[in-house]
Structures are given as structure tokens and as C-alpha cells.
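Those protein sequences? They're chains A and B, same order as listed. Going by our numbering, 306 is the number at position 306 of the first sequence; the sequence numbering is gapless. Numbers in our numbering are just positions in the second sequence, counted from 1, shifted up by 325.
Warning: the hint list may mix true and false statements.
What the hints assert, rightly or not - From chain A, some residues computed to sit far from chain B (all C-beta separations above 12 Å):
hint, residue
1, Ser2
2, Met19
3, Arg58
4, Phe67
5, Ala71
6, Gly74
7, Ser140
8, Val263
9, Ile281
What the hints assert, rightly or not - Output of the computed footprint for chain A on chain B, the stretches with three or more beta carbons under 8 Å from beta carbons of chain A:
hint, stretch
10, 403 to 415
11, 424 to 431
12, 599 to 612
To be verified - Facing chain A, according to a computed beta carbon distance under 10 Å, are these residues of chain B, among others:
hint, residue
13, Asp385
14, Ala494
15, Asn497
It is worth saying that the hints were derived from the structure and are not from the lab. Values in this document were obtained by computation on a predicted structure and should not be read as measured data. Beta carbons: idealized from backbone N, C-alpha and C, even for Gly.
Here's the letter readout for the chains.
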Amino acid sequence: MSVFIIRRLMQSGAVLVVMSLIVFFGVYAIGDPIEIFISPEADQIERERAKVALGLDRPVWAQYFAFVEAALGGDLGRSFVFNIPSMTLILQRMPATLELALSALALGIVVGLPLGMYAGYRPNSIGAKAIMAGSILGFSLPTFWVGLMLIMIFAVDLGWLPSTGRGETATWFGMTSSVFTVDGLRHLAMPALNLALFKISLIIRLARAGMRENMLMDYVRFARAKGLPMRRVVMVHVFKNIMIPVVTVVGLELGSTIAFAVVTESIFAWPGMGKLIIDSIQRLDRPVIVAYLCIIVLMFVIINLVVDILYSVLDPRVRLSEARN
Amino acid sequence: MAEPTLVVEDLRTWFHTRAGIVKAVDGVSFSVAPGRIMGLVGESGSGKSVTGFSIMGLIDPPGRVVSGRILFGGRDLATLADDEMRHIRGRRVAMIFQDPMMTLNPVLRIDTQMIEAVQAHERVGREEARRRARDALGQVGIPSPEERLSAYPHQFSGGMRQRVAIAIALLNRVELIIADEPTTALDVTIQGQILFEMQRLARETGTALVWITHDLSVVASLADEVCVMYAGRIVERGGVDDVLDRPAHPYTAGLIGSVPSRNQRGRPLQQIPGVMPSLLALPTGCSFRPRCAYADGACTEDPPLHDFAGGRQARCAHPLSGATP
Numbered sequence: 001m002s003v004f005i006i007r008r009l010m011q012s013g014a015v016l017v018v019m020s021l022i023v024f025f026g027v028y029a030i031g032d033p034i035e036i037f038i039s040p041e042a043d044q045i046e047r048e049r050a051k052v053a054l055g056l057d058r059p060v061w062a063q064y065f066a067f068v069e070a071a072l073g074g075d076l077g078r079s080f081v082f083n084i085p086s087m088t089l090i091l092q093r094m095p096a097t098l099e100l101a102l103s104a105l106a107l108g109i110v111v112g113l114p115l116g117m118y119a120g121y122r123p124n125s126i127g128a129k130a131i132m133a134g135s136i137l138g139f140s141l142p143t144f145w146v147g148l149m150l151i152m153i154f155a156v157d158l159g160w161l162p163s164t165g166r167g168e169t170a171t172w173f174g175m176t177s178s179v180f181t182v183d184g185l186r187h188l189a190m191p192a193l194n195l196a197l198f199k200i201s202l203i204i205r206l207a208r209a210g211m212r213e214n215m216l217m218d219y220v221r222f223a224r225a226k227g228l229p230m231r232r233v234v235m236v237h238v239f240k241n242i243m244i245p246v247v248t249v250v251g252l253e254l255g256s257t258i259a260f261a262v263v264t265e266s267i268f269a270w271p272g273m274g275k276l277i278i279d280s281i282q283r284l285d286r287p288v289i290v291a292y293l294c295i296i297v298l299m300f301v302i303i304n305l306v307v308d309i310l311y312s313v314l315d316p317r318v319r320l321s322e323a324r325n
Numbered sequence: 326m327a328e329p330t331l332v333v334e335d336l337r338t339w340f341h342t343r344a345g346i347v348k349a350v351d352g353v354s355f356s357v358a359p360g361r362i363m364g365l366v367g368e369s370g371s372g373k374s375v376t377g378f379s380i381m382g383l384i385d386p387p388g389r390v391v392s393g394r395i396l397f398g399g400r401d402l403a404t405l406a407d408d409e410m411r412h413i414r415g416r417r418v419a420m421i422f423q424d425p426m427m428t429l430n431p432v433l434r435i436d437t438q439m440i441e442a443v444q445a446h447e448r449v450g451r452e453e454a455r456r457r458a459r460d461a462l463g464q465v466g467i468p469s470p471e472e473r474l475s476a477y478p479h480q481f482s483g484g485m486r487q488r489v490a491i492a493i494a495l496l497n498r499v500e501l502i503i504a505d506e507p508t509t510a511l512d513v514t515i516q517g518q519i520l521f522e523m524q525r526l527a528r529e530t531g532t533a534l535v536w537i538t539h540d541l542s543v544v545a546s547l548a549d550e551v552c553v554m555y556a557g558r559i560v561e562r563g564g565v566d567d568v569l570d571r572p573a574h575p576y577t578a579g580l581i582g583s584v585p586s587r588n589q590r591g592r593p594l595q596q597i598p599g600v601m602p603s604l605l606a607l608p609t610g611c612s613f614r615p616r617c618a619y620a621d622g623a624c625t626e627d628p629p630l631h632d633f634a635g636g637r638q639a640r641c642a643h644p645l646s647g648a649t650p
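Full structure from sequences and hints, please.
So, in C-alpha cells, the structure goes:
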């Protein structure tokens with residue numbers, strides 16, 4: 001197990017290096033950040049001074065090595081725009097995004113899993129067909145359009161829910177989140193649902209396919225032959241087998257949900273990392289972009305590791321082959 | 326002779342498919358007495374497994390038991406509601422399946438799968454149920470049962486898994502065990518051990534056994550009576566020695582002729598020409614007619630069931646001379 005973790009960490013180190021190279025030179029190739037945030041009236045001397053202050057006067061490879069040197073010391077640079085450490089900036093926004101992504105994922109599981117299992121258990125019922133038709137909508141409707149529709153219906157027409165921003169937060173066992181206040185939940189409801197829609201559809205499909213496949217297996221028939229109630233056959237025997245693919249996909253989805261909550265955050269003006277990265281890209285705020293991507297890579301690494309561990313908990317056959325290696 | 330444990334009368338199990346009605350089991354009758362072993366023999370697709378599943382009440386749509394009676398313990402299992410049937414499955418009638426690799430749930434430990442089989446029928450504590458599971462494993466010859474209880478199915482060999490399946494069948498002192506080719510997937514030495522143990526079990530506990538197989542040598546060494554099935558019907562039944570030594574039906578004779586034996590070294594094996602007809606397009610009259618050397622005009626009518634000495638019966642217009650009417 002520890003060998004496995006060490007190997008995994010070395011791989012992710014390599015990914016980090018490659019990613020930082022690509023982003024660093026990529027942003028350099030796009031344009032000169034000075035042109036964007038210095039006022040057009042500024043004269044040549046002011047420009048040069050700003051360039052030197054930000055270290056942009058040196059050749060790009062020298063800038064890169066300076067960045068790497070600082071990064072190894074834990075300093076990912078200061079934002080050109082806000083002039084505070086980019087790490088601080090991102091960490092300020094992170095709880096909002098995590099809260100949104102985790103709520104969306106929880107919604108996806110709580111709604112998607114039972115619906116999918118039902119659709120797989122009674123594939124010919126009207127309910128199942130309605131669920132499957134709904135999941136096609138969930139897959140194919142663009143997130144931004146659904147978001148706008150949600151705002152139009154629930155915020156503008158009905159006036160039930162606020163359309164933008166993060167609500168009041170409260171602290172509970174050291175965690176600050178809007179989940180703990182009514183106002184926060186009201187603000188969270190629409191963005192979370194918007195982000196969850198795709199995940200609900202995905203989990204419905206996975207659970208349905210798993211259910212249909214597993215119900216035909218001999219072990220189900222054998223469990224029934226033992227006289228087990230159908231409830232136990234489905235909720236224990238089949239459920240545990242369905243969870244193997246669901247956990248894998250949901251785990252990987254968590255990473256991309258956090259990384260790409262951009263659209264939803266933009267529509268609902270959710271003050272998360274996604275909004276920050278979009279703004280930073282527009283302003284060519286390189287330290288923030290690089291730091292953000294480093295964090296995302298790190299997060300994917302950790303999530304993948306957790307998924308692998310969970311996987312071996314769910315599937316005993318994986319455990320044994322690991323031990324043999 | 327004691328009251329039979331199971332009486333099947335004119336059982337018909339049909340599958341309503343898009344291509345037409347498949348009469349997988351079409352008018353099957355037999356009975357088994359306590360402590361006796363009944364061999365149900367036939368080629369693939371002859372309806373022998375469907376007969377077993379019909380008794381267990383495990384026929385899923387589009388299949389259905391359309392008529393006939395399955396008398397067991399003074400009740401007709403064919404008319405029982407799902408919930409009543411559930412209480413009989415595993416508690417009074419057990420089934421063992423063909424492929425031991427597929428019948429145990431791969432993600433649940435052996436003890437979980439055994440304890441649930443006890444607790445589905447009786448209000449006993451976990452410890453008591455576990456003790457019974459351990460005893461059952463010991464009874465079928467699994468070494469160090471206490472440790473093996475905590476193992477997962479993939480940690481057992483095929484033969485050991487089949488022993489576990491048999492142990493599960495023994496957990497609740499059933500009156501009837503339906504064994505659907507349980508030794509087909511095992512090598513001969515393991516097969517011999519399991520046959521021996523099942524025979525001993527039937528003698529000692531008075532459990533009746535329906536042993537479904539295509540292997541005549543298994544029937545010869547194990548069964549007391551035998552029913553030969555062809556295309557959903559029983560074509561011959563009687564005591565195992567009578568039927569195997571002096572077959573009355575040409576199909577039975579054909580089956581016996583195609584078993585390799587040492588007496589016929591170097592001579593080509595006799596085989597039954599042709600294949601079993603599709604159950605969707607059975608010939609009129611005797612279904613075996615197209616493959617039978619004795620067939621003539623009389624065979625286009627449904628052949629009558631002839632009675633022979635010793636309680637034997639055969640469904641043939643031209644029974645072979647070896648059997649005395």
C-alpha cells in the first residue's frame with residue numbers, strides 16, 4: 001500500500017512540473033500582462049518600473065526558474081492585480097466552491113441513486129421511462145441555460161429564492177459554511193441544483209445499468225433461493241455491487257466539479273474559485289492562474305487516491321491482488 | 326413407502342416471447358419420497374433447469390407457471406403468494422446452482438451470506454446464526470470453518486465454493502434440495518466426494534433430492550429413480566437400474582449409447598443424430614420423431630404413456646423390447 005502511495009505521489013510530482021511549464025509559457029505567449037493593467041496614459045518610465053517590480057523584465061526562462069525556486073519554498077507568487085499572495089487569494093475563495101461542489105455531489109447521489117436503481121429494477125414501468133427521459137434532458141441541456149431558467153422561474157417570477165451571491169455563513173465545529181443558516185441554504189439551493197443536474201443524470205444512468213446487469217446475475221437468484229426478502233437482495237447484495245462503478249465515477253466527477261464550477265459560479269455570482277480563475281485569465285494574472293492549477297492538480301491526485309482506497313474497501317478482489325504485488 | 330415430499334403434477338411453464346410461446350416445461354409429473362434421490366436427466370434446453378426453478382417459484386417474466394400443481398408439505402406451491410413462497414424457499418426447499426463461481430456474491434463475506442440465510446427465516450442472534458454457519462461448513466468438509474467464515478468467495482476454489490453453497494442449503498434443515506448440475510463445473514475427484522456426501526446426507530436426514538444433470542454416470546452412481554426429459558416433457562421414468570440397464574425409450578437408449586465406456590474401446594461412440602428441435606417449432610406428435618430410428622406414421626400422434634413392470638413409464642409408440650410391459 002505504501003509503495004503504491006509513493007509511486008502515486010511521484011507521478012503527481014511529474015504532472016505538477018509539466019503543468020506549470022505549459023501554463024507558465026502558455027500565459028507568456030498570450031500577451032503582456034503589463035498592457036492590461038497599467039493605465040494607457042502611463043509613460044515609458046512608469047511602464048519599465050512596473051515591469052521590474054513584477055519581474056517581467058527578465059527573460060521568460062529566468063522568470064520560470066525564479067518561480068520554481070520560490071514555489072519550492074512554498075511561495076507561489078503574488079497576484080499582479082491584488083498584490084497579495086495568490087495562495088491566500090485562492091484559499092479565501094475555496095470554501096465557497098467546495099461547499100457548492102459537495103452539495104451538488106450530495107444532491108446527485110441522494111437523488112440519482114434511488115431513481116437510477118428504481119429505473120433499473122422496473123425497467124418497463126412508466127416511472128422508469130420518465131426518469132430516463134428526464135436524465136436525457138439533464139445530460140443535454142446546457143448548464144448556463146438551465147441556470148438562467150432557474151433564475152427566471154424561482155427568483156424573478158416566483159420570487160422564492162435569491163438569484164445571486166452566497167448567503168449568510170455560520171461556523172460549526174470550526175467549519176464556516178452557508179449550509180448552517182437558512183439564508184445560506186436559500187442562496188445555495190439553485191446553484192447546487194444547477195451544478196447537480198448533470199451528476200444526477202450520470203448517476204441515474206450508472207445505477208440503472210448496474211442494477212439491470214446485476215439483477216440477472218446468478219448470485220441474485222441464489223440469494224432469492226435462500227428466501228431473502230427482495231428488499232435485502234436489492235439493498236445489500238445488488239447495492240454493494242452497484243457502488244463499485246458509482247464510487248469511481250463520482251470520485252472523478254468531484255474533481256471536475258470543483259475545477260469547472262466556473263459556469264455556475266458565473267451565472268449565480270457565486271464567490272468561488274471558478275469565478276476567480278475566469279477573472280484572472282482575463283487579466284493575465286499569471287501567479288493566480290498557476291497557483292490555482294497547482295491546487296487543482298493536487299486535488300485530483302488526492303481524490304484519485306481516496307477513490308482507489310474506497311474501491312479496495314468495496315471490492316475485496318482488488319484488495320487481494322494489491323497484497324500479492 | 327412414506328408419503329412423498331414433493332409431487333409435481335402436469336407442470337407447464339411457458340415463456341411468452343415475441344417470437345411465440347416457448348413451452349419449456351410442458352406437462353411434467355414426478356414425485357420424490359423423503360431420503361430418496363431423483364435424477365432429472367436431459368440435454369441442454371430440455372427444460373430440466375426450468376422445472377427446478379418452477380418448483381422454487383423463481384421463474385421470472387416472460388416465463389410463467391401456466392398450469393399444474395406442485396404439492397409440497399400439503400400445499401400447492403404454484404398457487405402461493407410471493408411472500409409465502411419466500412418463507413418456504415431456503416427454509417424448507419433449497420437449491421444449489423450449477424456454477425459455484427457465480428452463485429456467491431463476490432463482495433460479501435461468507436459469514437454475511439450464511440447468517441442472512443438463517444436470519445431470513447428465524448429470529449436468532451448473530452452469534453447463534455454464525456455458530457450454525459460454522460457447523461454447516463464443517464459438515465460439508467471445509468477445513469478450519471471458523472477462519473473460512475471471514476473469507477470472501479474469491480478466496481475459495483471452485484469445489485470449496487460449491488461446498489459453501491451446499492452448506493448454505495443445509496443451514497435450515499430443509500426437506501427438499503434441488504441441485505441443478507452442481508458438480509458439472511468441478512473436476513471428477515471433487516465431484517465424487519460431493520456426490521458421496523449428498524447421498525449420505527439424503528440417507529441420514531431424510532432430505533429428498535432432485536438432482537438435475539445431463540451426466541448419466543452421475544445419475545447411475547447417485548440416484549434412486551430417474552426421469553429422462555426431452556423437449557419439455559418426461560419421456561421415460563423409473564428406477565435407475567431398470568432405466569439404465571433396459572431403456573424403453575429410444576432417446577434414453579441413445580443417451581446411454583453416447584456415454585464413453587471401457588467396454589467399447591476403439592469403437593466409434595454411438596450418437597443421436599441431429600439436434601433438439603427449437604421449442605418454438607416442435608414437430609407434431611412425438612418431439613423425438615425426427616431423430617429416431619424407429620419412427621413411423623404412428624409417431625405423428627402424441628405418443629401415450631406406457632406403463633411397464635416395476636412402476637416404469639415411457640412415452641413412446643414403439644418401446645424397445647428390453648423393457649417388459
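A quick look at each hint next to the structure:
The claim that Ser2 (chain A) lies off the interface holds: its Cβ sits roughly 23 Å from the closest Cβ of chain B, which is beyond the 12 Å cut-off. With a minimum CB-CB distance of about 36 Å to chain B, Met19 (chain A) clears the 12 Å threshold, and the non-interface call stands. No Cβ of chain B approaches the Cβ of Arg58 (chain A) within 12 Å, the least distance being about 58 Å, so the stated non-interface status holds. Distance check on Phe67 (chain A): its Cβ is at least 47 Å (rounded) from any Cβ of chain B, clearing the 12 Å threshold; non-interface status holds.
With a least CB separation of 43 Å from chain B, Ala71 (chain A) remains clear of the 12 Å interface cut-off, as annotated. Taking the minimum C-beta to C-beta distance to chain B, about 43 Å, the non-interface status of Gly74 (chain A) holds against the 12 Å cut. Remark: the non-interface label on Ser140 (chain A) is consistent with the geometry, its nearest Cβ contact in chain B lying 31 Å away (cut-off 12 Å). Listed as a non-interface residue, Val263 (chain A) keeps its Cβ farther than 12 Å from every Cβ of chain B; the least gap is roughly 37 Å.
With a cut of 12 Å on Cβ distances, Ile281 (chain A) stays outside the contact zone with chain B, its closest approach being about 45 Å. Here's how the stretch 403 to 415 of chain B fares: 5 of its residues keep a CB closer than 8 Å to some CB of chain A, so the rule of at least three is met and the hint holds. Counting residues of the stretch 424 to 431 of chain B whose beta-carbon sits less than 8 Å from any beta-carbon of chain A gives 6, enough to reach three: the coverage restraint holds. With a threshold of 8 Å between beta carbons, the proposed coverage of the stretch 599 to 612 of chain B by chain A is violated, since 0 of its residues qualify and at least three are required.
For Asp385 (chain B), the interface hint holds, the least distance from its beta-carbon to any beta-carbon of chain A being 9 Å, beneath 10 Å. The restraint placing Ala494 (chain B) at the interface with chain A holds, with a minimum CB-CB distance near 9 Å, inside the 10 Å limit. With its C-beta approaching chain A no nearer than about 8 Å, Asn497 (chain B) sits inside the 10 Å limit, and its interface hint holds.
Of the numbered hints given earlier, the model fails hint 12 alone.
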